[in-house]
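**Q** Letter by letter, the chains look like this.
2 protein chains.
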Amino acid sequence: MTTILIETHKVFEGEQRKYRHYSETLDCDMVFSLFLPKQMDNMLTDLVWWLSGLTCTDDNFSQKGAFQKYASHHQLAVVMPDTSPRGTNVADDENWDLGQGAGFYLNATQEPWAKNYRMYDYLTKELPELVYTLIPNFSGKESIMGHSMGGHGALVIGLKNPERYRSISAFAPILNPSQVPWGKKAFTAYLGSDEKAWAAWDATSLIAETAIAPSILISQGTADAFYEVQLNEEAFLQVADGKKVNYEKLVGYDHSYFTIASFIEEHLQFHKDYLK
Amino acid sequence: MTTILIETHKVFEGEQRKYRHYSETLDCDMVFSLFLPKQMDNMLTDLVWWLSGLTCTDDNFSQKGAFQKYASHHQLAVVMPDTSPRGTNVADDENWDLGQGAGFYLNATQEPWAKNYRMYDYLTKELPELVYTLIPNFSGKESIMGHSMGGHGALVIGLKNPERYRSISAFAPILNPSQVPWGKKAFTAYLGSDEKAWAAWDATSLIAETAIAPSILISQGTADAFYEVQLNEEAFLQVADGKKVNYEKLVGYDHSYFTIASFIEEHLQFHKDYLK
Chain L
1 MTTILIETHK
11 VFEGEQRKYR
21 HYSETLDCDM
31 VFSLFLPKQM
41 DNMLTDLVWW
51 LSGLTCTDDN
61 FSQKGAFQKY
71 ASHHQLAVVM
81 PDTSPRGTNV
91 ADDENWDLGQ
101 GAGFYLNATQ
111 EPWAKNYRMY
121 DYLTKELPEL
131 VYTLIPNFSG
141 KESIMGHSMG
151 GHGALVIGLK
161 NPERYRSISA
171 FAPILNPSQV
181 PWGKKAFTAY
191 LGSDEKAWAA
201 WDATSLIAET
211 AIAPSILISQ
221 GTADAFYEVQ
231 LNEEAFLQVA
241 DGKKVNYEKL
251 VGYDHSYFTI
261 ASFIEEHLQF
271 HKDYLK
Chain P
1 MTTILIETHK
11 VFEGEQRKYR
21 HYSETLDCDM
31 VFSLFLPKQM
41 DNMLTDLVWW
51 LSGLTCTDDN
61 FSQKGAFQKY
71 ASHHQLAVVM
81 PDTSPRGTNV
91 ADDENWDLGQ
101 GAGFYLNATQ
111 EPWAKNYRMY
121 DYLTKELPEL
131 VYTLIPNFSG
141 KESIMGHSMG
151 GHGALVIGLK
161 NPERYRSISA
171 FAPILNPSQV
181 PWGKKAFTAY
191 LGSDEKAWAA
201 WDATSLIAET
211 AIAPSILISQ
221 GTADAFYEVQ
231 LNEEAFLQVA
241 DGKKVNYEKL
251 VGYDHSYFTI
261 ASFIEEHLQF
271 HKDYLK
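Quick note, the sequences are listed as chains L and P, same order. Numbering of the first sequence is given in full-length UniProt numbering, commencing with residue 1 and proceeding in unit increments. Numbering of the second sequence is given in full-length UniProt numbering, commencing with residue 1 and proceeding in unit increments.
If you're looking for bench data, these hints aren't it; they were derived computationally from the structure. Do not rely on the hints blindly, as some may be mistaken.
In this list, chains with the same sequence are indistinguishable; a pair is considered to hold if it fits within one copy or across any two.
Claimed, not checked - Once the Cα atoms are required to be at most 27 Å apart in a straight line, the calculated BS3-like pairs of lysine-lysine come out as:
no., residue 1, residue 2
1, K18, K249
2, K38, K249
3, K18, K125
4, K38, K160
5, K69, K272
6, K115, K196
7, K64, K272
8, K125, K115
9, K141, K160
10, K38, K69
11, K276, K38
12, K276, K115
13, K18, K185
Produce the entire structure from the sequences given, and follow the hints as far as they go.
**A** Below, the structure is given as structure tokens:
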């Protein structure tokens with residue numbers, strides 16, 4: 001059970017690190033990235049989780065997210081897990097929207113996925129215990145955010161654990177996976193064709209049922225090619241009535257990391273407001 | 001002679017574009033990226049050239065440079081050319097530090113390189129004429145910057161054309177290629193083994209000989225693994241005496257784009273000071 005630091009770069013006076021470890025939950029070696037801000041005197045460090053989208057690894061946000069300046073400023077550590085279990089012994093699919101790189105942040109129940117595809121348990125039990133030990137002066141306070149499939153993940157994990165995460169934010173999240181092509185395909189494969197099992201992993205079902213939800217910020221680009229078919233917000237906003245949800249449309253912005261980079265300052269300020 | 005817009009993304013209210021065109025100078029199809037800031041009332045747009053390092057394309061800086069916020073703020077267009085001619089009909093080498101991705105921003109005289117490897121002419125004659133037409137309200141004012149091999153390129157192009165570029169900046173530039181392994185290998189291949197031909201493409205020789213040099217800012221990370229062997233500054237600073245050169249060491253920073261992202265605000269502010 002060793003955790004190995006395999007890369008580190010100084011950035012905005014903090015450190016962008018990459019670690020490898022063996023995950024018991026996923027039964028494979030995993031890599032994750034961790035940004036640690038420069039330790040400022042007498043300040044505790046809060047933790048923000050970033051969950052990436054389909055096909056991504058821990059690298060996409062660390063390299064293209066342009067978040068380090070603001071995480072340094074707000075004394076935030078940011079952890080970037082991978083998007084699925086990985087390796088030659090891990091089940092996979094030839095398509096990019098299923099299998100490795102497309103874990104959907106759930107616990108699979110169907111073969112051949114059930115053995116390794118337990119990203120929910122990994123992200124809520126095993127990885128936090130490890131990450132907490134890597135943050136000097138950790139405040140114990142956490143928020144969660146993500147993009148696309150990772151926005152779905154952030155909402156599902158945050159809504160299932162409202163006492164743990166102070167706030168949730170998402171760029172272009174899959175808000176209602178049970179009803180859209182990406183989600184139907186993944187849920188059928190990982191959870192089976194009985195749709196009753198899907199509701200536990202669908203942000204729209206979860207926010208309708210929960211009594212308490214963390215504050216939520218969602219940013220959606222209007223020029224996002226996936227917006228209408230995969231990312232529609234209507235059902236979610238209808239049942240989210242009464243919860244603290246700020247849904248903003250970004251006119252002319254698309255599904256890329258250029259959008260994330262443009263608005264990451266706003267998202268980290270949102271989280272800091274709830275973490276402090 | 002058509003120029004095709006193949007990609008565009010809104011970012012920080014501006015546009016990150018990618019174009020393809022046929023270059024007569026290089027005798028192959030080329031791709032370049034161009035950031036255009038949001039047009040502000042009554043403001044002219046200045047142009048900054050970014051030249052990337054070995055193995056890079058136009059994508060590295062556009063995706064990892066985190067420059068768009070500051071370029072938007074200062075009303076700067078930024079053009080990102082590729083690092084060499086490309087294509088199956090273009091000479092190449094099996095090593096990453098020669099051939100495609102490693103053009104060294106010069107005009108080659110030796111076979112098999114002389115036909116296509118004319119990056120200096122491409123960047124100072126053909127591409128500017130094209131780029132000027134793509135910038136609304138262009139001021140006619142230009143500066144140039146780059147990283148590593150691209151820092152060498154920015155210094156060489158800037159020092160050969162001091163009337164054209166208002167300022168030059170570089171991250172971790174190859175300051176004296178005639179004396180270091182990367183440069184010796186490339187210059188021998190592209191220019192031949194007679195070292196007299198090398199001086200015209202070496203920033204240290206050029207700054208020693210020029211009467212007038214644009215203002216220069218150079219940032220070098222002290223944790224850069226290439227620093228001692230490839231990027232040493234001593235000879236350059238010795239002969240640069242009397243020119244406006246600000247050479248700064250960045251303690252703990254390495255050769256990666258994390259360093260560039262951390263200090264790009266300072267570099268663009270430096271250029272804006274000379275462009276306005």
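**Q** State for each hint whether it applies.
**A** Quick rundown of the hints versus the structure:
{"no.": "1", "hint": "K18 to K249", "verdict": "between (33 Å within a copy, 25 Å between copies)"}
{"no.": "2", "hint": "K38 to K249", "verdict": "between (33 Å within a copy, 19 Å between copies)"}
{"no.": "3", "hint": "K18 to K125", "verdict": "within (20 Å within a copy, 43 Å between copies)"}
{"no.": "4", "hint": "K38 to K160", "verdict": "neither (32 Å within a copy, 41 Å between copies)"}
{"no.": "5", "hint": "K69 to K272", "verdict": "both (14 Å within a copy, 21 Å between copies)"}
{"no.": "6", "hint": "K115 to K196", "verdict": "within (21 Å within a copy, 66 Å between copies)"}
{"no.": "7", "hint": "K64 to K272", "verdict": "both (21 Å within a copy, 24 Å between copies)"}
{"no.": "8", "hint": "K125 to K115", "verdict": "within (17 Å within a copy, 60 Å between copies)"}
{"no.": "9", "hint": "K141 to K160", "verdict": "within (17 Å within a copy, 55 Å between copies)"}
{"no.": "10", "hint": "K38 to K69", "verdict": "both (11 Å within a copy, 23 Å between copies)"}
{"no.": "11", "hint": "K276 to K38", "verdict": "within (18 Å within a copy, 35 Å between copies)"}
{"no.": "12", "hint": "K276 to K115", "verdict": "neither (39 Å within a copy, 62 Å between copies)"}
{"no.": "13", "hint": "K18 to K185", "verdict": "neither (31 Å within a copy, 33 Å between copies)"}
The structure does not agree with the numbered hints 4, 12, 13 stated previously, though it agrees with the rest.
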